[in-house]
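Peer 1: If you want the building blocks of each chain, they are given just below.
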Amino acid sequence: MSLPTRKLPTRKLTVTINGRRRGPLDVPEGMMMIDVLHEMLDLTGSRLGCGIGICHACVVIWDRDDQTSEEVQTCITGADFFNGKRIRTIEGIAQTNDRGEVTALSPVQQAFLDKFSFQCGYCTPGFVNAATVLIERLRRTPVPRAEVEATVTAALDGHICRCTGYVRYYQAVRDVILATPGLTRDGA
Amino acid sequence: MNFRRLVKLAAVAVGLAAAALSTFVAIGLPGGKTGGAVQVVNAPAEMVARGKYLAEAADCAACHSAPAGAPFAGGLAMQSGFGTIYATNITPDPDNGIGRWSADDFWRALHDGIRRDGQPLYPAMPYTSYRGMVRADADAIYAYVMQLRPMEVANHRTQLDFPYDIRLGMIGWNLLFLTDSVPAASTGSSAAWQRGRYLANVLGHCGECHTPRGMLGQMELSEPLTGFALGRVAAPDITPAGLASRGWTAESLRTYLGRGIAGPDSAFSDMHQVIVLSTRNLTAEDNDALVTFLLGDKPPPAAPLPPADPAVLEAAASGAGRGDYVALCAGCHGLEGNGVPNTVVALRNNSTLRLADPRNLLVAMLDGIGPENFPHRASLQAMPGFANKLSDQQAAGLANYLRVIWGGQKPDVTAAAVRALR
Chain R
1 MSLPTRKLPT RKLTVTINGR RRGPLDVPEG MMMIDVLHEM LDLTGSRLGC
51 GIGICHACVV IWDRDDQTSE EVQTCITGAD FFNGKRIRTI EGIAQTNDRG
101 EVTALSPVQQ AFLDKFSFQC GYCTPGFVNA ATVLIERLRR TPVPRAEVEA
151 TVTAALDGHI CRCTGYVRYY QAVRDVILAT PGLTRDGA
Chain F
189 MNFRRLVKLA AVAVGLAAAA LSTFVAIGLP GGKTGGAVQV VNAPAEMVAR
239 GKYLAEAADC AACHSAPAGA PFAGGLAMQS GFGTIYATNI TPDPDNGIGR
289 WSADDFWRAL HDGIRRDGQP LYPAMPYTSY RGMVRADADA IYAYVMQLRP
339 MEVANHRTQL DFPYDIRLGM IGWNLLFLTD SVPAASTGSS AAWQRGRYLA
389 NVLGHCGECH TPRGMLGQME LSEPLTGFAL GRVAAPDITP AGLASRGWTA
439 ESLRTYLGRG IAGPDSAFSD MHQVIVLSTR NLTAEDNDAL VTFLLGDKPP
489 PAAPLPPADP AVLEAAASGA GRGDYVALCA GCHGLEGNGV PNTVVALRNN
539 STLRLADPRN LLVAMLDGIG PENFPHRASL QAMPGFANKL SDQQAAGLAN
589 YLRVIWGGQK PDVTAAAVRA LR
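So the protein sequences, as listed, match chains R and F.
Note that my numbering has the first sequence beginning at 1, numbered continuously upward.
Note that my numbering has the second sequence beginning at 189, numbered continuously upward.
A hint or two may mislead.
Capping the alpha-carbon separation at 30 Å, the derived lysine-lysine pairs in DSSO-like fashion look like this [to be verified]:
| # | chain 1 | residue 1 | chain 2 | residue 2 |
| --- | --- | --- | --- | --- |
| 1 | R | K85 | R | K7 |
| 2 | R | K115 | R | K12 |
| 3 | R | K85 | F | K577 |
| 4 | F | K221 | F | K240 |
| 5 | F | K577 | R | K12 |
| 6 | F | K577 | F | K598 |
Just so you know, the hints here were simulated from the structure itself, not pulled from any lab data.
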């Protein structure tokens, strides 16, 4: 005996993820992107936390056509939003070789390890993506060194860590920014 | 502001100044006082308690407290078309607050809009509504605020454009616009209605936001409570007809004013403050009286969501607005617009969608709504703004989709309307 099922209408999804074109997929209408990543694309690094767009564990990086990047919460954003767009997930942050093996972590990832920034790690993909977006923004528009601390706080503020590891996350991102030429400028 | 309007305003201002001057000559400057003894008020506890209740009903704290500032210590900046006005410190601090004010001084500020030093207040202070307050209530509020902890918080200087920065001009303004009684938007005669009129028109000063304002900032008393956009979020029409047209009933209004969330409706922007600081504290009798006044003794039947024209519905369901809804909104509000109980408001039959003016819907879509706590430990998490994910055309299409299928409104939002709110 099978349960009665209702066939949901589907929409076609083609999306470029971590530089690779995926699809077209038949995605049920109303399916959130986090579920597409997990269930259809085997990209399980993005974390489903609150499911209402608050904790930001699920964010991916949306690479906009104007060369800017921003975070998008995949738990509340339907797959259809990403049709034709380019995104990066946590799986695409580190450098990998042809076999898909990690050859070098990103500076942010390395700093999080060096600083023991996380404990359980559930929120870490979101923090990595947020910090990556921040560094890309500072590359375009550097901030005075004196404003780095406040800039980091503002950029990561939406990300919730229930192990309360905020201080070490923030310190790690601050150190990466201060150590990377071109992200800051002197003076006010 | 265009030049012609400026000339017109300047002409009116000159007229007002002349009127003020003649009054000034006729009655002399109201006896202003500075310095003087610090007042010591030893009111009975029950009078202080009554004053606290009345101060809440009059929502003094909403303006006289800055965000994250001490209660009643002032500092909130109010933007107006004429410049910025700062609410003042009304704690009993002798130098920064009203520590030297007598009950008579306090009464004169509430009733006549005149400060202790004799200078007129600007009607950002709603003496225009408080004028209807009975003296015993003003005295009780005075007794309450005078036993608050004095806060040594300096007042900001009000910054108005010329010629509005001439305070004496307000004497002429008062001659033209200050009335003893604000008209009722509903009809009734019951005791509850009378009490509700006092709560709404005097203490609650609902009309200060919900009544349209004229060119000189005066309430247009010929159309009370018909709605106005004083700031970015409009205060909607809360006349009996206006409320009923959006599906409000006495029961849903009572719940809304007491809890801030009623069915698909939740208070946001300034009204959220009003509920949290003021209306939630009303007794059941006063809550009922307020609602009786808003809807009248014979409330009009609440209009059900009208069935949409099938052709319009079909067009909406297959248009781009539907796609953007599924992509950006449905994750929280649900494919059917039912929301999530205690977490996300429903959109079907939502009062904001049922407003003919799409302004508040567009503002919510573009700006989002911050996280809000409500009475009885209810809370709603933040809604993100979508200004950077929706083009003007997309936002208009999405608003039209929502208005048609869940608001019973026309799909008449244009991209230009969205652009104007960016």
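Peer 1: Please name the hints from earlier in the document that this structure breaks, with their numbers sorted from lowest to highest.
Peer 2: 2
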